[in-house]
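Listed here are the chains, written in short residue letters.
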Amino acid sequence: MIEAVMVLVVFFFLLAVGLMVYNGLAGRGAVQRSQEALELRGLRIARLAMTFPELQCSVSNVIQENCVDQLKASAMSSLLSSDSRARQYYYDTFQEARIRVRQVYPTEEEFVIYEREPAEYRRSEATYLPVIVYDPLSSGGTCLTLHGACHFGTLIVEVYQ
Amino acid sequence: MRRAQVQVQFTWIFSLFAGALILLFFITFILRQKDVSERGLSAEVSAKLDAVLTLAQSSLQTSNNVTIPGDLGFDCTGFVYGGARRPYGNALVFAPGLIQGKLLITYADGWDVPYRASNLLYLTSPRVRYIFLNNSETVHSLFEAMPDAATKQSVEWNITLMASIMPRNDDYVRIILGASSSTLPSYLPGLDALSPEEVGVLGVSRSVSETDAFTVTFYTRNPGAPVMYSPGEVFGVVGEEMALAAVYSSAELFNCTYSRALDHLEHITAVYYQRSRDLLASYRGPGTCAQLYGAAGSSLSAIRREAQRPPTLMSAEAIAANMTALADANQRLKLFSCPTVY
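The listed protein sequences derive, respectively, from chains C and X.
Per the working numbering, the very first residue in the first sequence carries number 23; after that it's consecutive.
Per the working numbering, the very first residue in the second sequence carries number 955; after that it's consecutive.
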């Protein structure tokens, strides 16, 4: 009788150790997956932002790829800061993220398009995409096929977890 | 009984109890793992589908066939696979409520009003059949706009030809015709056997003002009634791309997604409006361009106002009229070598 009980005790002990190891490995896998998901979310939002008509450069609806219209970005930024319905609307797309354009040439300038930072977060992930920053107000030149000037910059998308 | 005999019996009972306990533990563990694994798989597949849909949405005027693992359910704000629901944010997706089978056909197009308001994503399956009853230029144009990968057929408005349309084991049959209550397809006897869930009629007509406004009418099936189809929900929509979106959608899904499209139109128009004002404020060239920026601003303001209203034909016509005025102003800005509004 005692032997049977001892066998069971050893068996359950080994089972408990096995479960602990399994849970540890599964937990580590979950952390890695969540990191990957965060990176993917950043990329997804960056890609969405690049194809957003609210930001894209165009002339008579002919879209210029990888180009952010400075006037549109500024208009979008003021819309989001003044209109709570618009803020809520774009939250469904971007959720908790920060989207900004950093112009690096010929002058350095940065403007935030969308910002919704959570009160608390464990980590953040930034995605950088090189873009042309189109300034339609600059006179006397052309940018690609557009009337204005081309500047160079980066679209930065930060997502939080 | 002797003590030894009792002990042997007790040992057997103890072993049975311990064995059952161990078995129960493993069964519970396996069932839990199976559940976790299935949910994980559904979530993984949903995430991959979401990525595919995001990509499809930005590949305009390109039809793609995507292999899917199983049935996909769609509602206004997301899709469901294997019990896992995945929202698609503000993407404007037009699809039947349920796509069955292993193949998904995706097609995206821009919604231009006349500036690009959004990209529309149309989803269907080869098992959904679209029959265009060719009684108007609009229907013909929608037939041409639908990708060839979809199961579509154009049938001339002829009683004999329409009577020859028969069910073919399709999941769903959508009939599209130039809308008018007098032109309802009461001459489709071949489809009488189908249930209201298996067949639907959509009427589409361009506004009499010949602008880019359309009326779309979702007819509902009345099995056994003298009038087989009766008009259900009616919408006034802007742009042929949006009329095509109605072809792909159920009335419920279209109602909700088109409302979201109008929300988007309102916000993007606010961006263009602000842009036209900024262009006007900083413009130092000939007065003609300044006037054109002013005219464009008025049109944009009117479009924004109308986008906030319910989707009636009247509001669609007002938007379409302002679209024409805006396109004209933009074209003239281009002619005068001024920065365009869109």
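Worth flagging that the hints you see were computed from the coordinates, not collected in a lab.
Being a predicted model, the structure only gives us computed values, none of them experimental.
One or more hints might be untrue.
Claimed, not checked - What follows is a list of derived Cβ distance ranges for each label pair:
#1 C:Ala-59 with X:Ala-972: 51 to 57 Å
#2 X:Val-1006 with C:Ser-100: 30 to 36 Å
#3 X:Pro-1023 with C:Glu-132: 42 to 48 Å
#4 C:Arg-144 with X:Glu-998: 19 to 25 Å
#5 C:Glu-58 with X:Ile-976: 52 to 58 Å
#6 X:Arg-1238 with C:Ser-104: 53 to 59 Å
#7 C:Gly-163 with X:Leu-1009: 20 to 26 Å
#8 C:Gly-163 with X:Ala-1103: 22 to 28 Å
#9 C:Gln-57 with X:Cys-1210: 54 to 60 Å
Where is the CB? At the ideal position from N, CA and C, for every residue including glycine.
Hints, verified against the model:
For the hinted restraint 51 to 57 Å between Ala-59 (chain C) and Ala-972 (chain X), the CB-CB distance of approximately 42 Å leaves it violated. The hinted range of 30 to 36 Å is satisfied by Val-1006 (chain X) and Ser-100 (chain C), whose Cβ atoms lie roughly 35 Å apart. Here the CB-CB span from Pro-1023 (chain X) to Glu-132 (chain C) is close to 44 Å, well matched to the stated 42 to 48 Å. With their beta carbons about 22 Å apart, Arg-144 (chain C) and Glu-998 (chain X) fall inside the hinted range of 19 to 25 Å.
Take Glu-58 (chain C) and Ile-976 (chain X): their Cβ atoms lie about 37 Å apart, and the range 52 to 58 Å is violated. Distance hint check for Arg-1238 (chain X) and Ser-104 (chain C): the Cβ-Cβ separation is about 27 Å, which falls outside the suggested range of 53 to 59 Å. Separated by about 34 Å at the C-beta atoms, Gly-163 (chain C) and Leu-1009 (chain X) break the suggested range of 20 to 26 Å. At about 44 Å, the beta-carbon gap between Gly-163 (chain C) and Ala-1103 (chain X) misses the expected band of 22 to 28 Å.
Checked against the hint of 54 to 60 Å, the C-beta distance between Gln-57 (chain C) and Cys-1210 (chain X) comes to roughly 35 Å, which is inconsistent with it.
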